[in-house]
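S.K.: Following the hints, position chains C and G against chain H.
Residue numbers (numbering that gives the first Met the number 0), protein chains in the order written: chain H, 0 to 474; chain C, 0 to 218; chain G, 0 to 249.
No lab work stands behind these hints, which were simulated from the structure alone. Take these hints with a grain of salt, some might be off.
What the hints assert, rightly or not - With a Cα cut of at most 27 Å, we get these calculated DSSO-like pairs of lysine-lysine:
| hint | chain 1 | residue 1 | chain 2 | residue 2 |
| --- | --- | --- | --- | --- |
| 1 | H | Lys381 | H | Lys355 |
| 2 | G | Lys178 | H | Lys1 |
| 3 | G | Lys178 | H | Lys355 |
| 4 | C | Lys58 | C | Lys87 |
| 5 | H | Lys355 | G | Lys50 |
| 6 | H | Lys28 | G | Lys178 |
Stated by the list, open to error - From the derived model, a few chain G residues whose C-beta atoms are all more than 10 Å from chain H:
| hint | residue |
| --- | --- |
| 7 | Glu64 |
| 8 | Asp67 |
| 9 | Arg148 |
| 10 | Asn156 |
| 11 | Ser160 |
| 12 | Asn193 |
| 13 | Gly198 |
| 14 | Ala200 |
Given the structure is predicted, the values throughout are model-derived calculations rather than measurements. Glycine included, every Cβ here is placed at the ideal spot set by N, Cα and C.
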Amino acid sequence: MKVTSQAFATRAVAALKNVDLQRAMAKAKGGFIDKRRVAIEALPEFEQLRSVAREIKEHTLSHLDFYLERFESQVIASGGHVHWARTAAEACEIVVDICRRVGARSVTKGKSMVGEEIAINPALENAGLEVIETDLGEYIIQLAKEPPSHIIAPAVHKTREQVTDLFQEHHSRYGYNQRVTEIPDIVNEARQVLRDAFLSADVGITGANFLVAETGSTIIVTNEGNGDLTNTLPGVHIVTASIEKVVPTLEDVTAILRLLARSATGQEMSTYTTFSTGPRRSADLDGPKEFHVLLVDNGRSQMLGNEFREMLRCIRCGACLNHCPVYSSVGGHAYGWVYSGPMGAVLTPLMVGLEKANHLPNACTLNGRCEQVCPMSIPLPKMLRQLRIREFEQRLTPTRMRWGLSIWAYLARRPHLYQPVMSIVVRLLEILGRKRGRFRYLPFAHGWTKVRDMPAPQGQTFQQAWRRSGDGSRL
Amino acid sequence: MNNSARDQILSDIRQALNRTTSLDKSVSAALETRLAAHSIHVQPVVETDFVSRFIAKSKAVASTVATVPSLAQVPEAVTQYLTTSSQKLEVVMAPDPLLDGIDWPASMKIERRQARRQDVVSITGVFAAIAETGTLVLLSGAHSPTTLNFLPDVHIVIVRRQQIVTHIEDVWRRMRSEVNEVPRTINFITGPSRTADIEQTIQLGAHGPRSLHVVLVEN
Amino acid sequence: MGLFVTCLVDLFRPNVGFAAVKLLRAAGYDVEVPRAQTCCGQPAYNSGDLKNTREIAKQVIDAFEEFDYVVAPSGSCAGMLKLHYPKLFASDAGWQQRAQALAARCHELVSFITDVCGTDSVDASFDHSVTYHDSCSGLRELAIHAQPRQLLASVRNLRLSEMQDADVCCGFGGTFCIKYPEISARMVSDKMANTEASGAANVLGGDLGCLLNIAGGLKRHGSKIKVYHVAEVLADMADVRAIGEGEDSE
Chain H
0 MKVTSQAFAT RAVAALKNVD LQRAMAKAKG GFIDKRRVAI EALPEFEQLR SVAREIKEHT
60 LSHLDFYLER FESQVIASGG HVHWARTAAE ACEIVVDICR RVGARSVTKG KSMVGEEIAI
120 NPALENAGLE VIETDLGEYI IQLAKEPPSH IIAPAVHKTR EQVTDLFQEH HSRYGYNQRV
180 TEIPDIVNEA RQVLRDAFLS ADVGITGANF LVAETGSTII VTNEGNGDLT NTLPGVHIVT
240 ASIEKVVPTL EDVTAILRLL ARSATGQEMS TYTTFSTGPR RSADLDGPKE FHVLLVDNGR
300 SQMLGNEFRE MLRCIRCGAC LNHCPVYSSV GGHAYGWVYS GPMGAVLTPL MVGLEKANHL
360 PNACTLNGRC EQVCPMSIPL PKMLRQLRIR EFEQRLTPTR MRWGLSIWAY LARRPHLYQP
420 VMSIVVRLLE ILGRKRGRFR YLPFAHGWTK VRDMPAPQGQ TFQQAWRRSG DGSRL
Chain C
0 MNNSARDQIL SDIRQALNRT TSLDKSVSAA LETRLAAHSI HVQPVVETDF VSRFIAKSKA
60 VASTVATVPS LAQVPEAVTQ YLTTSSQKLE VVMAPDPLLD GIDWPASMKI ERRQARRQDV
120 VSITGVFAAI AETGTLVLLS GAHSPTTLNF LPDVHIVIVR RQQIVTHIED VWRRMRSEVN
180 EVPRTINFIT GPSRTADIEQ TIQLGAHGPR SLHVVLVEN
Chain G
0 MGLFVTCLVD LFRPNVGFAA VKLLRAAGYD VEVPRAQTCC GQPAYNSGDL KNTREIAKQV
60 IDAFEEFDYV VAPSGSCAGM LKLHYPKLFA SDAGWQQRAQ ALAARCHELV SFITDVCGTD
120 SVDASFDHSV TYHDSCSGLR ELAIHAQPRQ LLASVRNLRL SEMQDADVCC GFGGTFCIKY
180 PEISARMVSD KMANTEASGA ANVLGGDLGC LLNIAGGLKR HGSKIKVYHV AEVLADMADV
240 RAIGEGEDSE
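If we strip away everything but chain H, and leave its shape as in the complex, we get (with noise of 0.2 Å):
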């Protein structure tokens, strides 16, 4: 997917003027918000269980190597295959180079935002082969030829109208000619036509929400049952997951599967939790004969020895976008590639490179409920700093702000400087701002003018008043 995450303060703006979005949106964060406030005030072991999930990411983090050696031996030994892939580019060849040797002409994808992440669709189809995205809010997508605006939830930026839009305009073609306004029907008529591509795909690609070392299982975690078509029907399943995703036994992977449907949408468990090992064994009547597991690293492997390791400890439930007004107020397209929010906007600059993404560790205000929420317990606004430290390194903050920071920075150095220019300053604006107590205009604040006004100073400092008060004497 290609990168426009330098757009974002235009995309922004854009899309707080976008009535659709906007009404989508509103109605997302409520939900999401209020729905997992419940589940955890039910879940009384909620915080332990918070301290538990850090200690067993931190403990296989750094027995990464060891775990992943596990989990490969494991897959092996159940008649898997397990591929390694470093970049993006090489996990997309192996993924076509495995649809090419079966001969492969239709591939069904269950979500996978490491699938978004390595674009293995475009990938794909200039291989020659077909790509249907059965996960509804992916299909939506797809129809819309869009990326997905949340981790969680690829759609939540469309209204209901818009889908019925796409749905008549793109499944006349498989003899569907109403115009399907309600959701039963909007949901049935897209059940209806995903059917025939489950049952003809001869390659099914899901993700993974966790590894597990123990067994040599993947995990994914889903609603909609299409995973799991995805992952029986065809001959050939394929796995696409990250590096980070392992765990260690099953006893592991449960304590943090406890925290992810409620975190992420309130439910205790979701409707489907599906462990795969292997393919199909001798006795079973259905199931894949092939399965393959594609590891990759594209930067974990660096973000493992630096300062952004805790963000390995993700695992995409997506509450913080739910809970990040600046997400709630944009959406996620503004961000420009496949991640959003905060835990977008640390692993994007780092994925694709800061200077194609510094405007997002930027558009925060560290107002830190992300962390909060974060059932990983991951300091987000800590790396959020740590990526304006290296924007600042890197000479990529803006000019005018390194200037004016540099003006700032050295009368706050030089107390005896900037208390009587501050003074000259302070009284100047309180004599023009008297009347009214504050400024509609102010030269160098418009971004501050634009949209709200400038309160006036009350006209000394407090260093000046305290100082002509005989140092708090005469008070």
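M.R.: What follows is chains C and G alone, placed relative to chain H:
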């Protein structure tokens, strides 16, 4: 086998962790011990009457539940369910020994196989049922084809009381003692299929079954 | 007792500083205001400029380390001194130690009065309806939530009604409001709507950055709601013009 990528990734990982070689023996021994211990972490408290909990949780996720005293009453319960939901008595059934032993009515057309596109109703057993969350656990195998859990519109599940466990981890313990090899698929099913992708409104029956009916056999 | 004035209070609203002094004196402290203070360094810190941040931090540590307590009428500045200064000197053991020593003695004003002085009431009256905005740093870095409410409950004739989403960011965020003004406007507009919906005639908070932002927004939209720093009300010094009001409001 893409060995060079594998080698490089593992080497990059070791470098990031400030190690030049694989783990030393004492550390790997400790990791093996940890893996074998299968330690259970903090669990939510589940009240002692786990059968009521299982029923309540199942209903909360939109499964329907009917309880019968013994296997002998299962056919009647299933027939009643299908008739009231206006379904034909045509089912595809798992080749499960539990279901073999049930005296199904002659009027019911039954095929014992995996599911196909045109199947409307499936009947399966379970490996276990979890009271903590109202979840059914099914393992793929000769007696339990996975497609029965996903392709048909209606999924009827026969659960015996003794199959209900309290916590999710109880399933792992049971599986390790009763099953030789981890199967191709372990399904944890908590209610019928659903989606909230349209206006964040929950709609049942996305791609999996539209309804999930549990017949709980108390004996 | 050293008062860390904060740059915004110093420049925009000294009344808050005097209110802080009055409250601290009432708690029995002799307040000094070191002259060599300007700013806590957040603008540099949040822009990734560690070098300037460290220089400013050293200046603050030098000026304040002699005091038993350092109190600031701002959650974000107190948070900066208390939580972030120690992180700045990881490679300089001497300064690290001094920063940690100072951090242990730094407090935000309202929580100092309740948590350290053990005071649960103030001698003030404010015969008006008010609502309260929880500034993010104070709330999430320093766990300030109950304390201002506890003291406000003791103010005679004051009626407090909580706004919805009191704990959601107002959109100030330091340089954020200048870099991304439209997103900031949207956030402050949500905050304003919640403030108005609370029915209160006044909105209070513990951080002047938030209050300047909220007042600026309210005034731009012609609202009559008045904005004060909570210290001004608690110190019975809110009989002055509210933030952003001029002669024409009288």
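S.K.: Against this structure, judge whether each hint is valid.
M.R.: Quick rundown of the hints versus the structure:
no.	hint	result
1	H:Lys381 - H:Lys355	holds (21 Å)
2	G:Lys178 - H:Lys1	holds (25 Å)
3	G:Lys178 - H:Lys355	holds (17 Å)
4	C:Lys58 - C:Lys87	holds (24 Å)
5	H:Lys355 - G:Lys50	holds (25 Å)
6	H:Lys28 - G:Lys178	holds (24 Å)
7	Glu64	holds (16 Å)
8	Asp67	holds (17 Å)
9	Arg148	holds (19 Å)
10	Asn156	holds (25 Å)
11	Ser160	holds (21 Å)
12	Asn193	holds (12 Å)
13	Gly198	holds (21 Å)
14	Ala200	holds (17 Å)
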